[in-house]
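If you're matching them up, the sequences are chains A and B in order. Position 93 (the first sequence) corresponds to 92 in numbering that gives the first Met the number 0; numbering is contiguous. Position 12 (the second sequence) corresponds to 11 in numbering that gives the first Met the number 0; numbering is contiguous.
Any given hint could turn out to be false.
Said to hold, decoys possible - Which bits of chain A does chain B cover? Going by a derived footprint, with three or more residues having C-beta under 8 Å, they are:
| # | region |
| --- | --- |
| 1 | 63-74 |
| 2 | 164-172 |
| 3 | 175-189 |
| 4 | 286-300 |
Unchecked claim - Not everything, but these chain B residues come out facing chain A in the computed CB check (under 8 Å):
| # | residue |
| --- | --- |
| 5 | R30 |
| 6 | M42 |
| 7 | S48 |
| 8 | V49 |
| 9 | I136 |
| 10 | L137 |
| 11 | T151 |
| 12 | I246 |
Quick caveat, the hints were computed from the structure, so don't treat them as lab data. By construction, the Cβ of each residue, glycine as well, lies at the ideal position given by its N, Cα and C atoms.
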Amino acid sequence: MASIGRPQPVSTAELVELRLRGATLDWRGHLLQGMLLTSLLLALAVLAILLGDIVLRAIPVFTERPIEFLTGQLSARPQRAGISQGVIGSVLLMGFVIVLALPLGIGAAVYLEEYAHDTRMTRFIGTNIRNLAGVPAIVFGLLGLAAFVTLLRLGNTLVAGGLTLAVLVLPIIVITTSEALRAVPTSIREAALAVGATRWEMVRSHVLPYAAPGIMTGSILSLARAFGETAPLLLVGAVAGTFSSSGNPLGQLFGSYTALPTVVYNFARESKAEFRALTAATIVVLLIVILLVNATAIVLRNRYDRKW
Amino acid sequence: MDGGQQGRMTAGNETFPQALSVADLRLDPRRRRREWAIHRLFMAAAVLSVVISAAIVVSLVGNALSFAVKVDPAALWTDGWFPRRGLYDIRTLVAGTLIIAGVAMLIAAPLGIGAAIYLSEYAKPRTRGVLKPALEILAAIPSVVLGFFALTWISPNLIQRISGAPLFNMAAAGVAVGILIMPLIASVAEDAMHAVPAYLREASFGLGARKRTTSLRVVVPAAISGIVAALIVGISRAIGETMIVAIAAGATGGSLFELNPFRPGQTMTAAMTSLAIGSDSVRGAALTFESLFFVGFLLFVVTLGLNLVSDSFVRRVRERY
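In isolation and in its complexed conformation, chain A is listed as follows (with noise of 0.2 Å):
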């Protein structure tokens, strides 16, 4: 374009071939590309790497004592030490997460997307929510300390670390369940409402059928970042030592408990080096689950996603 009206070697016929048939490469193009996606595969060659660190580190704690490592219990000794009370602490807080948080999340969702009006009120709400989903995880752990913890007189008990992570996942299980929502078309609400159906009736028999694959894809996510989540869980009183405790683990119920992550971040604080193998192992457990439910999650929403 520049080159218009400056005398040219060429005549324009050439030149307008030259600029069709592409002769010039356009190398800046290729390269910036390739950085483009060097940068992307720069992220995903970390992963790699992460992923088989750790899982070289795990190797001799699996092949020399896998049953004792998952069934044992914490230990301040690394050639005794297992994750039982860990893997069932977070299965317990994963029941509340369930219980708690599911039905009210999709509960608040169907009210704002199906119920509530345009009003101040429901902007508010949906603001409210969008932005306790960037409050840091943290932040929700002192809500539980003083409001479960101390307020409550739940004291650190696992009902006070399993209504924190509830909070926690809330607002994450409305926005996806929202969005699920928002993705049925209004055609769909009009078919059941024009054959006399109430709002529950066309909500329960046309929308939430349709947006299902949606809500489970949202709230089994949330699941698994309610179970890689430490810090609060630190806050509430999730027992950040080596506990020795009596033989029931039901115990944990109303006793010091403990989860995978909060057992990771203990192992990796300890000093002794035989404890590096312990946490890698650790690790590995927590991702085979949190990976497996994404894997899930992800080949979910892959199934059902549907065009409307």
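Given the structure of chain A, go ahead and fit chain B onto it with the hints provided.
Coordinates of chain B only, in the frame set by chain A:
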């Protein structure tokens, strides 16, 4: 359709069809009561979110205020953060937080935005179908895992190679935080570029522009609000990130004022965890319990402010297209 036909049939059978009253159009009382109950139930669930935010603010402000009232102002501006000795130098925490967030953004901003441009403009659907889930898996790695990775791999293999840093240092934690927030930045920025309508690209190609000119001079400027939003969300997440710093940045008990990223340091979040896990200190002596909430309140205000700004940028993209 059905209703219409039936209506005509009855109109044929009866000469004077009875007019419907308002009562006929109402639902039967049981159905109406159930509707009402379910409506209220859902509403209560939504209102709960407001209650939770109010609870967060109240619990933070109450204890933070009592800290601000009781603390000796001179203790807020001393040589370091040693809560057990009554030294609460806020500068130490702010400096550590900013250094780690800065290192993280140095890593995450170019990688995240580069990945976003590639995914949105260059990647073919099949490549995208592989790379995007891979990025989502990176996003799913818990921060406590990245903290361990920062301490055992990033610090000895990267940071200690290029400097004489000790094993625990802020740079390693910053790099790991950068890796943690990179997928988030990539995903928000890609959403923004995805929202740029195709006709803008076509107009650019129609004028004879190359792919790279179209991507960098048309799509990126059109999506700039969303890209800025992605960066701000990234900073906010980096500031609020806890476990990586708690594990890899060192300074568990306290820290001196430190500006060198190749030295151990303390962030607001890490200071909170170390206050909390020294379980005696949370309930025990002096102002440690209140100082926990004071730091939390600062963190809450900063991240809330960043999130609100980023939200307004995102809305700007949405309004435009």
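> Checking against the hints above, which ones are violated?
Replying inline: 1 and 3
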